[in-house]
Structures are given as C-alpha cells and as structure tokens.
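Peer 1: As a plain string of letters, each chain reads:
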Amino acid sequence: MLEVRSLVKRFGPVLALDNLSFRVEKGEVFGMLGTNGAGKTTTMKILSCLLKPTSGQALVDGLEVTREQLEVKRRIGYLPETPNLFEKLTGREFMAMMGTLRGMDPGLLENRTAEYIRILEFGDFLDYEIGTYSKGMRQRVAFASSVLHEPPILILDEPTSGLDPRYSKMVKAWIRDYAAKGNTILMSTHVTEIADSLCDRVAIIHRGRVAGLDTPSGLKKGLGAGTLEDAFVKLVEGG
Amino acid sequence: MASPVFEIYFTDTMTGYRNTLNRLNKNRLYSVWSLMVMVAAFGAVVGLISFISRSPEIEEFPLNLNDVLFLFFLVFMGKSLLDTYHYLVERPASVFLLVQPFGSSRIVLGKVLSIAVFNLALLAFGLGTMTAMTFLHPSLYFVMPPDIVLDLILLSMMATLVGFTYAVLSGLGSWPRKLIAGAAFSPVMSLIYVVMGQMRLGGWTLTWTLGTLLVLALIGIPISAHFLLESWNTMTTSRSQLHRLRRGNGKSRTVRLVESRLGKTVATVYDSEIRTLMRKREGIGNAITLAGLLVFAIYFYNEFRNFLGFPGFLLDIIPVLVVGLALYLSVVSLGLVPALGAFSHDGKGAWVYRIVPVRESEIVKGKTLAVLLMLPFVIACVAVPIPLVSGLGWVAILFSVMGGMTMFLASTGLGIWYGARNPNFDESTGNAPDIMTMYTFMLLTLFLSAFLLLPPLLLAFSDKVLGFMMLLLALDISALILWLGMGGAAKGLSRLEISQ
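Just so you know, the protein sequences line up as chains A and B, in that order. When you line the first sequence up against this note's numbering, it's residues 1 to 239, in that order. When you line the second sequence up against this note's numbering, it's residues 1 to 500, in that order.
Same shape as in the complex, but just chain A:
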C-alpha cells in the first residue's frame, strides 16, 4: 500500500534519508518514531509529492510518487506537522476550497463539513478568519481538511500536536476507527505512549535509517525494555 525502497534525500551537504526502506500494509496504522531531524517529516513529504527523493523509490498504492503525482495525490490525505493554512480565509472557506480542489461533490462536501463540525466541535469558529485561530483550532481545521475526502491512505505528521487531551483522545479514536474500515495510516509522533497504544507496527527512525521495526510489543520484547520509550532510547543511544 505504501512502500519506500532505499530512499535517499540530500539537502546540500546534509543527508536526511540514508537508504530508508519499509512497507506499510493495507488497513495498518504504521507509526514512525524518531529524534528531531531523524527524517520522519522528509519521508512523509516525499510520499506526499512535496519533495523529490535524491534516489530510491517511494510507492503509494503501487504508484511511483515522482512519476504519477496526480494519481498519488488522489489517493492520499496529508496533514503537515505545522498547520500553516491560508490565514485570510475562514475555516469553512478553507475546507470548502480543499474539498472542491479534490473534486468532491458539493452535496457530499457540505455533509462532510457538517459532520466534522460536529465531531471536532468547531461551532461558530469556522466562520472566523484562520489567522485568528489558536494553535489547537488550526490543527483541528487542518486535520478535518486532510481527511474530508476520506482517502484510502492517510499520512499524518504529528496529528495530535497542539491539541488538548480531550481533542487528542478524540483524534486517536477517529484514527483507530478509520483504520478499522480498511484504510491505511502512516503517522509520525514524538510521543511513545501514542505509538504504543495506537500503532500496529512502529519504525524507529534514526539518522535517516530504520533502526528498528516491529510491533510495539515486539520492539519492547526484542530489546528487553519495559516501555516503548525505553526501547526507543536503547536503540537511539546504541547508535
């Protein structure tokens, strides 16, 4: 469903991804854990057609991301790490724009918008300019805009970042339900508890490589660690 093969990405002299390879199966919630600058966001941006790899392959639903961009974009929803949106549009206008650009039928778009207003409790705020939103509100609008068209593959970069515990719990429950319907989710997080409780498998990324990949319990068992956090630290500090 999602696959990266020997992916390399260089930014000038900096090697961000160093022969990174993994595969995410259909219906799986796959987590990427890593230190800052490990290469998680770069990988996600390559899979979302925002960056081009220096070498290697990135496949979405069997499609090569550098060759079939439009088809890839039709199949995915992407939530960036920082919710930079169009500040001068209202949340409702932004969601309508995203839905229309994704070719959604106006009736369906309206229904889905109403549904996410209810789920994420937007209330009247959706009719204010995005520039006036708090960080959490922006994150909720960005999240809703990324999933509005209900794509088969979701790429979520820190989906609970900036959310208070209540909304964070809501989003986690939504992700679980969405994957249970047979959709594929690739997400990154810094929070090991979220990866432990939510992900079917976890890849620990370190210096642009996969340092460890297994189920959360498999990783803990394999490294003799009590928690995923301990397992992560052992792997990262071990080099």
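Hints were generated in silico from the structure; no laboratory data involved. In this text, a Cβ means the ideal position worked out from N, Cα and C, and glycines have one as well. What you were told as hints is all true, and nothing was included just to trick you.
The calculated DSS-like cross-link candidates involving lysine-lysine, where the alpha carbons are at most 30 angstroms apart (straight line), are:
no., chain 1, residue 1, chain 2, residue 2
1, A, Lys135, B, Lys280
2, A, Lys52, B, Lys348
3, A, Lys135, B, Lys348
4, A, Lys169, B, Lys348
5, B, Lys251, B, Lys280
6, A, Lys52, A, Lys26
To give an idea of the chain A side of the interface with chain B (calculated C-beta under 7 angstroms), a few residues:
no., residue
7, Leu51
8, Arg74
9, Pro80
10, Phe86
11, Met97
12, Thr100
Fit chain B to the given chain A structure using the hints.
Peer 2: Just chain B, lined up with the frame of chain A:
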C-alpha cells in the same frame, strides 16, 4: 554584558548580511546585474540632486532642490516604515526581544540604529557611485555641495525616525487610537514640510534647521517605546483582530463566470485568491495607488506643460509622456508586483496547492486571473481619464487603452513566470519579492513596453491605421508573453519542493 542596543543592531546586521550573501550566491549573473541596477539607480538619484543643486540658471524649472530633497525624505520614510513593520511590529519572533529584562526603549534604539545605518549605507553608496562616475567621463563630473550632503544625511536619519514611529503607531488597537497618536506626532512631519516646501529654506540655513528638526524627531523614540508592546500585540495576537465573516457560500459573479468558462478548479483558486487579497486590504491599497497616480499625473502635466526650458518637440510630447508614465507606474504596481508575489503570499501555506490532485496549470490560471482582475480598473482609472485631462483626442485614448492592456498582459506574464519559479517563503520579509528582483523586473517591463509600444506609436504619428494595426500585433505578442509566462510558471510550480 554587551549593550542590548548594540546586540540588536549586531544581530540585524548579521541577518541582513547573510540574507544578501545567500541571495548573491544563488546566481552570480543575477548578482552582477543587481549591482549594475543598484549603481544606476542610486547614481541617477544622487546625480539628479547634484544636477539641480548646480543649475539655478534654468529659470522657472518646475522642480527645485527642496522638492527633490523632500521626495528623497518621503522615499526613505516609506522604506523605514515598511522595514519597521516587517522586522519588528508584525514579526512574531519579536517576542524574544520583548520578554528580555530591559525596557522597550532599548529595543527601539537598537532597531532604529539598524535601519538608520542601512539607510545611511544606501546614501553613501549613491554618493560613492556618483563620485566614481566622475572618473568615467568629464561630462559626468558632479560635485555635491557639502551643505546638501549634510542635508541628505539629516533627512535620511529623520526619515528613519519618522517612518519607525508611524509604523509603531499604525499597529495600535483601534482606528481612533491610531488617528490620535498619528495626529500627536504629525507636527514633526508638518514642520519638515513647512521648512522645505513652504518656507523654501536653502543653503546652510536649511541644514541648521534640519539639524534642529532631527532633535525634535527624536521624540519618536520614547513614543515608539511606549506603544511598541501594544502595537506588537495587536498585530500578532489573534483575539484582538477577531471578526466574524459572512458565510461565504455565495459565489461572486466573476467566480461564476470563471467557473462556467474555465472549470471549477480554476474558479476555486481564483475565489480563494480574491478573498485573500480583499481581506489583506489589497483592494484599498490598489485604490489608493490608482488615485495617487491620477493626482500625480495631473499635477505633473500641469507643472511641466508650460515650461519653456524644454525644446519645442518635447513640449509637444509631454502629454504622451505623462500618459506613458502613469500607465507604466500603474502596470508595475497593480500587475507586475502582484504577479511576482502571487505564489509567495501563500507563505508556509504553499503546501496546500502542492498536495491537491490538480494540474499546476490550473492553479496558475486561477492566480493569474486574480491579478488580471485589476486590468479593467487600470483602464478605467488611468488609461482613459489621464489622456482625457491631458487634452488628447479619442484616437489617443484608444491607443492608451490598448497600450495599457499590452503592458499589463506582458508584465503579468513576466511576473507570474518568475514568481512561480522563485517564490519567497521567508515570512521575515513579508513574503514580498526582494527589492533587486523588483528593480530588475521594473526595468524589464520598461524595456518590454518600449519595445512593444514605441514602433506602433511612431508609426501612428504618420499613419494612424498602420499604427493601430501594429498596436494590435503588439497586443497579440503580449498575450503570447502571458501564455508563455503561465506555461513557465506551471513548470516551475511542478518542480517546487516544500521542505519547510
């Protein structure tokens, strides 16, 4: 511990230096070209001041030295105002200065110092260029009297202080507060105008008076320090600007028209652009620009039309020159500059258009249409009324309309092409195209306009029909430039990588 004032100044200088270095390292050829443009521009300005200061023998010349010096002051004031606004008042990162254990006056002093030194460096660059020109050819021998050099230095420092203060005051929470504070500081600005415009002081008297006014302008520092925090909070905090907007379900007539002709995708991008531009109050800015151009053109025409110092043939073409100048300025400000910034103004939100399954050409079409929306206003407010008040006939008005369209299409094509390939996502610069890019493309627009419009204009003097046929051809070529520019923009956009 180093003084906070010098620490702020040092940091700003380092940042400016590194930004310039990065820009220069990107493209060596561009750097050489930029240097040539800068030398020409500053040399010309300072040369003009020098020429007017040495030419009292030209009787009744409509511009005198004080006019030029006052223009110099206004330009530097505008630059300082924008710099303060972008680099301090609306910059979220200013929080790291405001939370430090020292008063706001230190921040103000540090920032004023940074802007003043940069302004003085620009002035020194202009004077240096003028001096260097004297070695090239004897006819380029300009000598700037020492009192005028001092006037320029004093004016650039005053412009920094006045621009800085107005930038801070413009960020206050409500319009009444902005107006009251602006009015309270206005005596400084009024005195500068009175001394230079009404009393027409000159020589060393002017220099001494400007020195005294500079001391008076220093009051801007405590005023700015007092209001800085409020201003910064207003411009960067969300709640104070909170206003609810009507539900935007209704589509405007132009959006419906675009949708019916070019499809839903182009219409959606166009709609989003228009809403963004209107809410950024670009509409008000554009209206002010057009009104200003109209007033400027009429003033310019009235001042110069009876000046006997010009040779006869020049007197005959003054109305044409005024129309050309007004059209050029309106095309640059309402076509070229918005087109150059069409992709930059999305800032860090640029990922949005890269993630949706839409062809880049559709996005470019939507954005270009939003820029072209200003074309009818340029026609209605500049291309028709200015030849009318200049006493030109209907043939000239038709020529002006078609010429304006030609210039607008060609410059939009240039701007959209370059803007998509080199967007500026640096929020610290307000996502605006850098000054050298602007100068370069303003010059390119000038050359291109001359290339497209001079042949039909010259031909029209002898044969109107042939002149118009050629103008039609020029209009076609400008449409081709726009089409090619849009194609190039789409290609550039498809190669754009969003790494931040």
